[in-house]
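Protein sequences appear in the order of chains E, R, F and L.
Here this note's numbering = 1-based position in the first sequence + 577.
Here this note's numbering = 1-based position in the second sequence + 577.
Here this note's numbering = 1-based position in the third sequence + 577.
Here this note's numbering = 1-based position in the fourth sequence + 577.
Treat the hints as calculated values from the structure; they're not laboratory data.
Among the hints, a few may not be true.
[What the hints assert, rightly or not] Residues from chain R shown here face chain E by an in silico Cβ test under 7 Å; the list is partial:
1. L589
2. S610
3. A649
4. L657
[Stated by the list, open to error] Derived DSS-like pairs: lysine-lysine, alpha-carbon spacing no greater than 27 Å straight-line:
5. L:K696 x L:K679
6. R:K638 x E:K665
7. R:K594 x E:K594
8. L:K696 x F:K696
9. L:K665 x L:K594
10. E:K638 x L:K679
11. R:K593 x E:K665
12. E:K593 x E:K677
Just so you know, these numbers come straight off a predicted model, no measurement behind them.
Ideal Cβ positions, reconstructed from N, Cα and C, are used throughout, including at glycine.
Number of protein chains: 4
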Amino acid sequence: MPKEKTMTNSDLNTLKKIMRDFAYTRDWNQFHSPKNLSMALSVEASELVEHFQWLTEEQSKNLPQDKLNEVANELADTLLYLVRLADKLDIDLLSAAKNKMKLNGQKYPVDQSRGNSKKYTEFGS
Amino acid sequence: MPKEKTMTNSDLNTLKKIMRDFAYTRDWNQFHSPKNLSMALSVEASELVEHFQWLTEEQSKNLPQDKLNEVANELADTLLYLVRLADKLDIDLLSAAKNKMKLNGQKYPVDQSRGNSKKYTEFGS
Amino acid sequence: MPKEKTMTNSDLNTLKKIMRDFAYTRDWNQFHSPKNLSMALSVEASELVEHFQWLTEEQSKNLPQDKLNEVANELADTLLYLVRLADKLDIDLLSAAKNKMKLNGQKYPVDQSRGNSKKYTEFGS
Amino acid sequence: MPKEKTMTNSDLNTLKKIMRDFAYTRDWNQFHSPKNLSMALSVEASELVEHFQWLTEEQSKNLPQDKLNEVANELADTLLYLVRLADKLDIDLLSAAKNKMKLNGQKYPVDQSRGNSKKYTEFGS
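Same shape as in the complex, but just chain E (with noise of 0.2 Å):
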């Protein structure tokens, strides 16, 4: 097993650990380019978003035991490649989603955003 570098105890730092085990063991590293990550990542979203094409927005809202289970299992999977993807970036994904947070303070401040779906892009249209 290739030396780790020194990660701190935390929920995404638990999940990279056990894909990079789970990809070393079976030699998976070979397809885990960040381009093909990127790609398992969509297909996994695309699988969420399958199970709520037919459904209306309150049938979404209201979901039977049965699919929220595979619900769940999508979710997961979304997540996963996402670690896996930023891992082999280098990229701390929490870090990343905290300062994407503060960016999109910026972009919609709550006098123009309030109510609003719009894209900050088309604020003033």
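With chain E's structure known, arrange chains R, F and L on it following the hints.
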């Protein structure tokens, strides 16, 4: 601010809370049905794919810093919508991910998967 | 059967009519809002991506026959939802495509684009 | 310009030829592996989804003209990459679509599918 369920300290719960406050303040909950959030999530995952579509796998492993910064933002957006969607469906993302990896261990036994990118449904073909 | 607008004979109009009859007979128009159809279309496009995610670019140029047959089905599904969505929005797909290629000619002048995969927004960088 | 296979006059073949010339003139064939084209196609399909993600189904049926114009461009881009990908794989898109509709007729018999959005794999549940 609505009363929150008790949350333990963790990466994903920190993001969950940031997202809840952000949406509440902007009166955005009306747009955040699981159906809509699944769409937004898939759109972000595709913005990631767009960065890699014309690159070779090798180039995708060696991104210049400005590209890495953009990709970090898309990874962040993807994680944020994932956390938001899981929250709305009341699904514990971390547990779902850990369970999925256990299931994957059964679907992809080392002896059948080693060095092989086939989907488990294709084993034996 | 509802009265159809007069349609000229063409590939896309043939498919449009097949899709209209299919959905009408099964009372599926209730599910075919443009919002829902955009989701279904993106799901099919991702099923295509799934076939290629672990292949190299070279392998993707040399698919075995059974794989090609599966891919042909996904291409078909993608086209069918595209035709259906355009129909519901009353958009002439062929005209839109021809106009877009004219616009692309302006966005991507030969001297700037030759051998270069950059998006037009990145010209000069 | 490379020698073309004989093509009959049709919507899709017209677009195929336009795309071939466009890519050839710009020396873009190097980027147009099926793998890459599948990625580009999925990205365009997601740009369509983005237009609808915060709209209700009802709003999606009543788009203002400026929105319709943007959506027409995304539909166009999706069709163009679809034609390009089918061309590179030497797949006849129109035949594939017609065959798929025949297959769909068997998968979704009217008596089981009428007014029902279930996937054929879920019939009986």
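Status of the hints after comparison with the structure:
no. : hint            : result
1   : L589            : 5 Å, holds
2   : S610            : 4 Å, holds
3   : A649            : 4 Å, holds
4   : L657            : 6 Å, holds
5   : L:K696 x L:K679 : 16 Å, holds
6   : R:K638 x E:K665 : 8 Å, holds
7   : R:K594 x E:K594 : 25 Å, holds
8   : L:K696 x F:K696 : 38 Å, violated
9   : L:K665 x L:K594 : 12 Å, holds
10  : E:K638 x L:K679 : 35 Å, violated
11  : R:K593 x E:K665 : 25 Å, holds
12  : E:K593 x E:K677 : 21 Å, holds
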